[in-house]
Amino acid sequence: MREVFSLRQGRAPRTLFRIFNFTLMIGLLVLMFIPIVKVFSDSLDLSTTYGLTFWPKNFSLEAYKSIFTNKSLFMPLLVSFGTTIAGTGLGLLLTTLGAYVLRKRNLVGRGFLSKFIFITMIFNGGIIPTFLVLKVIGMTNTLWAVILPSALNVFNLILMRNFFEQIPESLFESAEMDGASPLHVFLVIVIPLSQAALASIGLFFAVQYWNEFFQYVIYISSTELYNFQIKLRELVLSDQNMNDPALVGFGNTVKNAAVVVAMLPFFVLYPFVQKYFTAGVTMGAVKE
Amino acid sequence: MALKTYRDLGKKLSNDLVYYIMFLPVLVFALVFSYAPMAGVFLSFTKFKSTSPDGPEFIGFDNFENLFVGIKSDLFWTSFGNTIFLSLTNLILATVLSVVIALLLNELVSRKGRSFIQTVIYLPHFMSWVVVASIFTIVLSPSDGLINNIMKFFGAKDPIYFLADEDWWTPIYLFINRWKETGWGTIIYLAALTTISPEQYEAAEVDGAGRFRQMLVITLPALYTTIFIVFILNLGKVLNIFESVFVLQNPLVYDKSDVLTTFAYRVGVKDGNYGLGTAIDLFKSFMGLVLVLTTDAINRRIRGSSVL
Numbered sequence: 186m187r188e189v190f191s192l193r194q195g196r197a198p199r200t201l202f203r204i205f206n207f208t209l210m211i212g213l214l215v216l217m218f219i220p221i222v223k224v225f226s227d228s229l230d231l232s233t234t235y236g237l238t239f240w241p242k243n244f245s246l247e248a249y250k251s252i253f254t255n256k257s258l259f260m261p262l263l264v265s266f267g268t269t270i271a272g273t274g275l276g277l278l279l280t281t282l283g284a285y286v287l288r289k290r291n292l293v294g295r296g297f298l299s300k301f302i303f304i305t306m307i308f309n310g311g312i313i314p315t316f317l318v319l320k321v322i323g324m325t326n327t328l329w330a331v332i333l334p335s336a337l338n339v340f341n342l343i344l345m346r347n348f349f350e351q352i353p354e355s356l357f358e359s360a361e362m363d364g365a366s367p368l369h370v371f372l373v374i375v376i377p378l379s380q381a382a383l384a385s386i387g388l389f390f391a392v393q394y395w396n397e398f399f400q401y402v403i404y405i406s407s408t409e410l411y412n413f414q415i416k417l418r419e420l421v422l423s424d425q426n427m428n429d430p431a432l433v434g435f436g437n438t439v440k441n442a443a444v445v446v447a448m449l450p451f452f453v454l455y456p457f458v459q460k461y462f463t464a465g466v467t468m469g470a471v472k473e
Numbered sequence: 246m247a248l249k250t251y252r253d254l255g256k257k258l259s260n261d262l263v264y265y266i267m268f269l270p271v272l273v274f275a276l277v278f279s280y281a282p283m284a285g286v287f288l289s290f291t292k293f294k295s296t297s298p299d300g301p302e303f304i305g306f307d308n309f310e311n312l313f314v315g316i317k318s319d320l321f322w323t324s325f326g327n328t329i330f331l332s333l334t335n336l337i338l339a340t341v342l343s344v345v346i347a348l349l350l351n352e353l354v355s356r357k358g359r360s361f362i363q364t365v366i367y368l369p370h371f372m373s374w375v376v377v378a379s380i381f382t383i384v385l386s387p388s389d390g391l392i393n394n395i396m397k398f399f400g401a402k403d404p405i406y407f408l409a410d411e412d413w414w415t416p417i418y419l420f421i422n423r424w425k426e427t428g429w430g431t432i433i434y435l436a437a438l439t440t441i442s443p444e445q446y447e448a449a450e451v452d453g454a455g456r457f458r459q460m461l462v463i464t465l466p467a468l469y470t471t472i473f474i475v476f477i478l479n480l481g482k483v484l485n486i487f488e489s490v491f492v493l494q495n496p497l498v499y500d501k502s503d504v505l506t507t508f509a510y511r512v513g514v515k516d517g518n519y520g521l522g523t524a525i526d527l528f529k530s531f532m533g534l535v536l537v538l539t540t541d542a543i544n545r546r547i548r549g550s551s552v553l
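If you're matching them up, the sequences are chains A and B in order.
Sequential numbering from 186 applies to the first sequence in our numbering.
Sequential numbering from 246 applies to the second sequence in our numbering.
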């Protein structure tokens with residue numbers, strides 16, 4: 186409706202403002218794109234110096250081939266994929282179960298359970314006590330240490346509960362009248378009705394696990410358990426790895442290619458899921 | 246539902262039991278990974294290192310004394326000051342830039358153009374800090390980095406070591422933060438903008454208010470509440486900055502970049518001084534709680550309702 190108004194108005198300041206705004210937006214896009222485009226272009230370029238070009242001079246896919254054929258880079262990639270899939274599955278399981286119970290209106294002790302969970306959002310023991318607990322139960326230096334602790338995410342749980350609360354109560358009541366057990370209602374009514382929420386929160390989890398970095402720094406000491414983020418940092422921020430067979434000859438190109446690989450899965454998925462992401466954020470914000 | 250008979254009661258209890266069983270995994274995870282570590286904060290009052298043969302030894306408030314006035318006080322107060330300065334500046338920049346960009350996006354006539362720009366500026370939010378730090382380490386590199394190459398092209402003689410230079414580190418850090426998160430920050434304001442009724446603009450138009458004036462008297466006031474809530478919610482997290490600093494800092498710029506969390510990490514994990522590291526963390530959590538409660542109290546007074 187407002188567009189109609191603005192089109193009708195042909196005053197000079199308005200046009201000036203539009204030109205100004207348009208230029209600013211183009212500037213914004215350029216600022217966002219330049220670093221990414223530069224890294225992408227250099228990842229396909231075998232030149233020894235890149236200079237100011239945004240287009241590969243010596244085009245080659247060698248760097249990408251190196252990532253997928255060298256164990257030192259390919260294994261971390263597998264760890265990333267594996268932990269992301271396992272973590273997302275487990276995370277969704279805990280989130281839906283918890284949210285389903287916390288939405289149940291006249292459940293005895295619901296208030297207590299909610300508080301018990303929400304408190305963990307405000308208080309935490311800190312890095313060292315958490316490390317020591319994981320050490321005591323024998324999880325340090327195993328991938329469990331990076332999968333299990335992040336699987337319970339209270340923020341996601343609240344989002345999911347808010348979503349479940351939008352399902353009409355009458356659906357639950359009639360199912361209960363028919364004698365359906367809570368588990369049955371959960372599997373047959375709630376889950377099928379929540380695909381948008383599952384997609385959006387599932388992706389939150391996937392991003393979290395794929396991007397996980399610091400937990401590896403603290404809990405993992407064997408290099409064969411490193412994920413791709415750790416490997417990428419090692420490659421880019423330090424030069425220790427120049428003897429690595431994967432890097433000989435075109436180390437800088439591999440660095441750039443590793444950055445691209447580390448962000449690629451979400452670049453590919455992103456356009457399809459953007460609406461779920463933003464829906465999830467506003468859903469949480471409005472309810473909070 | 247009223248419970249008419251014992252059978253109803255039995256049914257309800259057995260139903261509830263199923264719910265409790267379904268909740269059990271969540272409970273176990275919270276207990277093991279959140280509550281058990283919370284119990285570990287007592288280590289703040291002990292002398293305990295990774296090399297200690299006999300485990301923790303109670304020393305009262307000695308760790309805190311060391312931090313506040315003792316041998317670690319220089320490093321501690323530097324990191325405390327940096328934490329406050331870096332995250333407050335970042336928070337203020339975030340608020341201003343996100344609101345301005347949301348307003349400008351809102352003025353764009355082309356819907357397609359708007360949603361394209363939104364897609365692009367949201368993207369970096371999903372990149373890990375390692376990826377973003379890697380991109381900018383490459384782009385800002387003194388050897389063959391894009392920025393230094395551009396400056397060389399315009400006649401600069403020596404390359405600048407942006408991330409290893411004390412004067413450059415802070416502005417670069419803030420810029421990278423904004424590059425990554427400003428777009429994502431606009432979402433909430435754009436959502437709030439859609440709730441303004443078009444009639445208000447029509448009325449203003451009739452009264453002869455131009456577009457800029459409409460923005461000042463209608464759009465911006467409509468955003469005040471949202472700006473306030475977002476600001477307060479983020480104020481509570483001010484002390485938690487960690488990963489962004491961790492991946493961008495290096496020993497050459499500790500003076501400008503060290504924050505409480507990175508300091509705690511170095512002391513507690515790298516040097517293996519568990520007692521002292523936990524003490525820094527506990528101080529951070531305590532201050533964070535004070536911040537949250539204070540801001541919420543202010544908020545309750547002004548808006549009459551709690552954010553928490």
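Keep in mind that the hints were calculated from the coordinates and are not lab data.
Bear in mind that the values here come from a model prediction, so they are computed numbers and not experimental data.
Every residue gets a Cβ at the ideal spot worked out from N, C-alpha and C, and that includes glycine.
Check each hint, because a few of them may be wrong.
What the hints assert, rightly or not - Capping the alpha-carbon separation at 30 Å, the derived lysine-lysine pairs in BS3-like fashion look like this:
#1 A/320 - B/292
#2 A/223 - B/482
#3 A/300 - B/256
#4 A/320 - B/257
#5 A/460 - B/402
#6 A/300 - B/482
#7 A/300 - A/289
#8 A/223 - B/317
#9 B/515 - B/501
#10 A/256 - A/223
#11 A/320 - B/357
#12 A/289 - B/317
#13 A/320 - B/397
#14 B/402 - A/242
#15 B/256 - A/289
#16 B/294 - B/482
#17 A/256 - B/515
#18 A/300 - B/257
#19 B/292 - A/242
#20 B/256 - B/292
#21 B/501 - A/320
#22 B/482 - A/460
#23 B/397 - A/223
#24 B/402 - A/223
Stated by the list, open to error - Label-pair restraints from in silico Cβ distances:
#25 B/356 - A/406: 34 to 42 Å
#26 A/243 - B/463: 26 to 34 Å
#27 B/465 - A/322: 49 to 57 Å
Against the structure, the hints:
At roughly 19 Å between alpha-carbon atoms, residue 320 of chain A and residue 292 of chain B fall within 30 Å of each other, so this suggested pair holds. Restraint check for residue 223 of chain A and residue 482 of chain B: the C-alpha separation of about 33 Å exceeds 30 Å, so the hint is violated. Restraint check: the Cα-Cα separation between residue 300 of chain A and residue 256 of chain B comes to about 26 Å, which is no more than 30 Å; the hinted pair holds. Under the criterion of a C-alpha separation no larger than 30 Å, the hint pairing residue 320 of chain A with residue 257 of chain B is inconsistent with the structure, at around 41 Å.
A threshold of 30 Å between alpha carbons decides the hint, and for residue 460 of chain A with residue 402 of chain B the separation of about 48 Å lies outside it, so the pair is violated. Taken as a hint, the residue 300 of chain A and residue 482 of chain B pair is honoured in the structure, with Cα atoms around 20 Å apart against an allowance of 30 Å. Taking the CA atoms of residue 300 of chain A and residue 289 of chain A, the gap is about 15 Å. The hint holds against a cut of 30 Å. Restraint check for residue 223 of chain A and residue 317 of chain B: the C-alpha separation of about 43 Å exceeds 30 Å, so the hint is violated.
A hinted pair counts as satisfied when its Cα atoms are at most 30 Å apart, and residue 515 of chain B with residue 501 of chain B qualifies at roughly 20 Å. Between residue 256 of chain A and residue 223 of chain A the CA atoms are separated by roughly 27 Å; this keeps the pair inside 30 Å, and the hint holds. At roughly 52 Å between alpha-carbon atoms, residue 320 of chain A and residue 357 of chain B are farther apart than 30 Å, so this suggested pair is violated. Straight-line distance between C-alpha atoms of residue 289 of chain A and residue 317 of chain B comes to about 51 Å, which puts the hinted pair past the 30 Å bound.
A threshold of 30 Å between alpha carbons decides the hint, and for residue 320 of chain A with residue 397 of chain B the separation of about 51 Å lies outside it, so the pair is violated. For a cut-off of 30 Å, the pair hint linking residue 402 of chain B to residue 242 of chain A stands: about 25 Å separates their Cα positions. Our distance criterion of 30 Å between C-alpha atoms is met by residue 256 of chain B and residue 289 of chain A, whose separation comes to about 15 Å. With a CA separation close to 29 Å, the supplied pair residue 294 of chain B and residue 482 of chain B stays within the 30 Å bound.
Under the criterion of a C-alpha separation no larger than 30 Å, the hint pairing residue 256 of chain A with residue 515 of chain B is consistent with the structure, at around 28 Å. This hinted pair checks out: residue 300 of chain A and residue 257 of chain B have alpha carbons roughly 23 Å apart, not beyond 30 Å. With a C-alpha separation of about 59 Å, the suggested pair residue 292 of chain B and residue 242 of chain A falls outside the 30 Å cut-off, and the hint is violated. With a CA separation close to 54 Å, the supplied pair residue 256 of chain B and residue 292 of chain B exceeds the 30 Å bound.
Annotation: proposed proximity of residue 501 of chain B to residue 320 of chain A is violated, straight-line Cα distance about 33 Å (limit 30 Å). Of the supplied pair hints, the one linking residue 482 of chain B and residue 460 of chain A holds, its CA atoms being roughly 27 Å apart against a limit of 30 Å. For the given pair, residue 397 of chain B sits about 17 Å from residue 223 of chain A by alpha-carbon distance, which is consistent with the 30 Å threshold. As the CA atoms of residue 402 of chain B and residue 223 of chain A are separated by approximately 23 Å, the hinted pair is consistent with the 30 Å bound.
Checked against the hint of 34 to 42 Å, the pair residue 356 of chain B and residue 406 of chain A fails, with Cβ atoms roughly 52 Å apart. In this structure, residue 243 of chain A and residue 463 of chain B break the distance hint of 26 to 34 Å, their C-beta atoms being roughly 56 Å apart. Between residue 465 of chain B and residue 322 of chain A the CB atoms are about 53 Å apart, so this pair conforms to the stated range of 49 to 57 Å.
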